[in-house]
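Chemist: Those sequence lines, one after another, are chains F and Y.
Under numbering that gives the first Met the number 0, the first residue of the first sequence carries the number 0, and numbering increases by one thereafter.
Under numbering that gives the first Met the number 0, the first residue of the second sequence carries the number 0, and numbering increases by one thereafter.
Quick caveat, the hints were computed from the structure, so don't treat them as lab data.
Since the structure is predicted, the reported quantities are computational estimates derived from the model, not experimental observations.
Beta carbons: idealized from backbone N, C-alpha and C, even for Gly.
Don't take every hint at face value.
Covered stretches of chain F, as calculated for chain Y (at least 3 residues, CB under 8 Å) [said to hold, decoys possible]:
hint, region
1, 17 to 27
2, 155 to 163
Each computed DSBU-like pair below joins lysine-lysine, with the alpha-carbon atoms no more than 35 Å apart [claimed, not checked]:
hint, chain 1, residue 1, chain 2, residue 2
3, F, K109, Y, K42
4, F, K170, Y, K295
5, Y, K158, F, K170
6, Y, K158, F, K109
7, F, K113, Y, K156
Quick look at which bits of chain Y chain F covers, simulated, 3 or more residues with Cβ under 8 Å [unchecked claim]:
hint, region
8, 10 to 23
9, 144 to 155
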Amino acid sequence: MSFGIKNKGLEIKLGGGIVLLYLCWALGWIIYSYFMKGNLTAPYNPVPNLKTELVAPFNSNYILGTDVYGRSLLEMLSAGLLYSFGIALLVSLISGFIGLVIGQLSAGDKNIIKIPSDMLTNLIFVFPSILIAILFMSIVGQSFWGLVFVLSFTGWPAYAKIVRTEVLRVKNLSYVECSIASGITSMGLFFKIIIPAVLPVLLVHLFLSMSGVIIAEATLGFLGLGGSEFSFGAGLSSAKTVLLEAPHITILFSLALAGLIMGLNLLGDGLRDFMDPRNKIRAQK
Amino acid sequence: MSLFFNKLMYFLVTVFLSLTLIFFLIRFAPGDPVARILGPNAKMEEISKYREQLGLTRPLHIQYFSYLTGIFRGDLGNSLYSKKKITTLMGEHFLPTLTIAFFSILLAFVFGVIFGTLSGIYKSKTFDHLARFFSITSLSFPVFSLGPVLVYLMAIKLKLFPVSEWGQLKHAILPVLTLVIPLGAIITKVTRNKYLEEVNVPWVEFLRAKGMDDRGVNLRVLKVCMPTILNIVGIQLSVVLAGTMITETIFDIPGMGMLLFESIQNRDYPVIQGIIVYSTIIYMAIYFTVDFINEKIDPRIGQKK
Chain F
0 MSFGIKNKGL EIKLGGGIVL LYLCWALGWI IYSYFMKGNL TAPYNPVPNL KTELVAPFNS
60 NYILGTDVYG RSLLEMLSAG LLYSFGIALL VSLISGFIGL VIGQLSAGDK NIIKIPSDML
120 TNLIFVFPSI LIAILFMSIV GQSFWGLVFV LSFTGWPAYA KIVRTEVLRV KNLSYVECSI
180 ASGITSMGLF FKIIIPAVLP VLLVHLFLSM SGVIIAEATL GFLGLGGSEF SFGAGLSSAK
240 TVLLEAPHIT ILFSLALAGL IMGLNLLGDG LRDFMDPRNK IRAQK
Chain Y
0 MSLFFNKLMY FLVTVFLSLT LIFFLIRFAP GDPVARILGP NAKMEEISKY REQLGLTRPL
60 HIQYFSYLTG IFRGDLGNSL YSKKKITTLM GEHFLPTLTI AFFSILLAFV FGVIFGTLSG
120 IYKSKTFDHL ARFFSITSLS FPVFSLGPVL VYLMAIKLKL FPVSEWGQLK HAILPVLTLV
180 IPLGAIITKV TRNKYLEEVN VPWVEFLRAK GMDDRGVNLR VLKVCMPTIL NIVGIQLSVV
240 LAGTMITETI FDIPGMGMLL FESIQNRDYP VIQGIIVYST IIYMAIYFTV DFINEKIDPR
300 IGQKK
């Protein structure tokens, strides 16, 4: 069994390494576009230029060549990465927060709050989130906050379910019963006991849901419904039209996206296995 | 109350609530769809006339009522672009989507369960490592990046399959492959984990002690794993539906996805609404069927809730 545990450590290290690498890339891009270009009005946006359409890679000016609109591919990828990462983090944090509150409510004692919040969670959980997002975005149009809203709207029930299970588990532990018996207020219970207990599980799901959000966002971008033209999905959609002439654009976009998703998945899976109490029992055997 | 009736009621209530939620989500979405349809140069009178035509000026409860009855009568109005009835349009495009989605789910299920079980049986052996590597890798490629890569490798480089044609069975191979790879990877992963969870429990050891051979034991373990696997398929179904639609736009297949994509381009928003509403109903019908089958296989599932 020791092999299995070592393997899980490997998953965390590998995933964490990949995610860290992407974070460095994003950070490097922010610093580069702020200090080197000095373009503060549109600091992160590569500029279209029809003169430099589809320049091949390893050119002196463009390391990875340019895309259909003559924008540097490296800059497109960097901007797309920053955008994907930002939206994934924002959506995950918002839906995590809503999930924490609703999950806590649906694990409470009062039926009048418990039953409706439980029903709402289950209803939106079975919602086909990506289909709803397509419909919503086709009405709102290209909008960053619209995208954040609709992805958070369909994303929180998963967190709420996890929080609910975890709160119900924690409430039966003796140290919590002790604090309730010694007269802790319900606010104190929530902030001092529930949140610290739930946070690790919530963080693990954060990584896993981030990759889901990135895929959803890129799907919408591919259909022309994203919040920005720098989305990986939008990039792949425009690369598809020149697949015969310039397949490297499609491949580069795919690899950049796949690496990001893989890193987040590995990190999330590894951390989940690491924290699962059943694995600890198995390891002791 | 019988289980079937119970599930049916739950299904109907969920569908009703979802349709209601979709209606209000659309109505209270920021941005005016009419202004978007007519473009930025439209005059105010034109916009208000168009709103009247679409029935958007009526009171909200009447709009809501006609929306609901329209869905159940199969009458969602006409396309703004081709002026055809929406249900007719969807009927014309339904078959390719159904074919692709059906074969993808079937193949992904068969291969996923087989590979997952084998990977569980040969845990930490070469096969297991290979299967896990492939499932992690293919889960990282969403349909819309895997599709073009496959087209480039299989159709342009190796010239194995034709692209952008539809009508014969061989035209469906590449699109189905695009969908099978990620879905199969998920099923492989879930089957492997669930198999490993179930294979060391006391009753399995009892079966072995009684002298049952490996094949019999594995089949019984697999039966216990089935609800979890089916549940994942059910949850993944909305992703598969969306994936099928996206695959169609990559391979130029005249299915619902193509209709959806064209409607998005033309801002033909009643058609988009129709496709999404009916996809939601189909998705939920299958989701609840899976739930029903699961409880038939393993009655403990119903009691846990």
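Chemist: Take the hints in turn and mark each one as holding or not.
Modeler: Now for the hints, and whether the structure bears them out:
Counting residues of the region 17 to 27 of chain F whose beta-carbon sits less than 8 Å from any beta-carbon of chain Y gives 0, not enough to reach three: the coverage restraint is violated. Given as covered by chain Y, the region 155 to 163 of chain F fails the check, having 0 residues with a CB less than 8 Å from a CB of that chain where 3 are the minimum. For the hint pairing K109 (chain F) with K42 (chain Y), the CA-to-CA distance comes to about 54 Å; that exceeds 35 Å, so the pair is violated. Restraint check: the Cα-Cα separation between K170 (chain F) and K295 (chain Y) comes to about 33 Å, which is no more than 35 Å; the hinted pair holds.
Between the alpha carbons of K158 (chain Y) and K170 (chain F) the distance comes to roughly 61 Å, so the proposed pair goes past 35 Å and is violated. Our distance criterion of 35 Å between C-alpha atoms is broken by K158 (chain Y) and K109 (chain F), whose separation comes to about 65 Å. A C-alpha spacing of about 58 Å is found between K113 (chain F) and K156 (chain Y), which places the hinted pair above 35 Å, so the restraint is violated. As drawn, the region 10 to 23 of chain Y meets chain F at 5 residues by the rule of a beta-carbon pair under 8 Å; at three or more, the given contact holds.
Here the region 144 to 155 of chain Y counts 7 residues with a CB under 8 Å from a CB of chain F, which clears the bar of 3, and the coverage holds.
Hint check: violations occur at hints 1, 2, 3, 5, 6 and 7; the rest are consistent with the structure.
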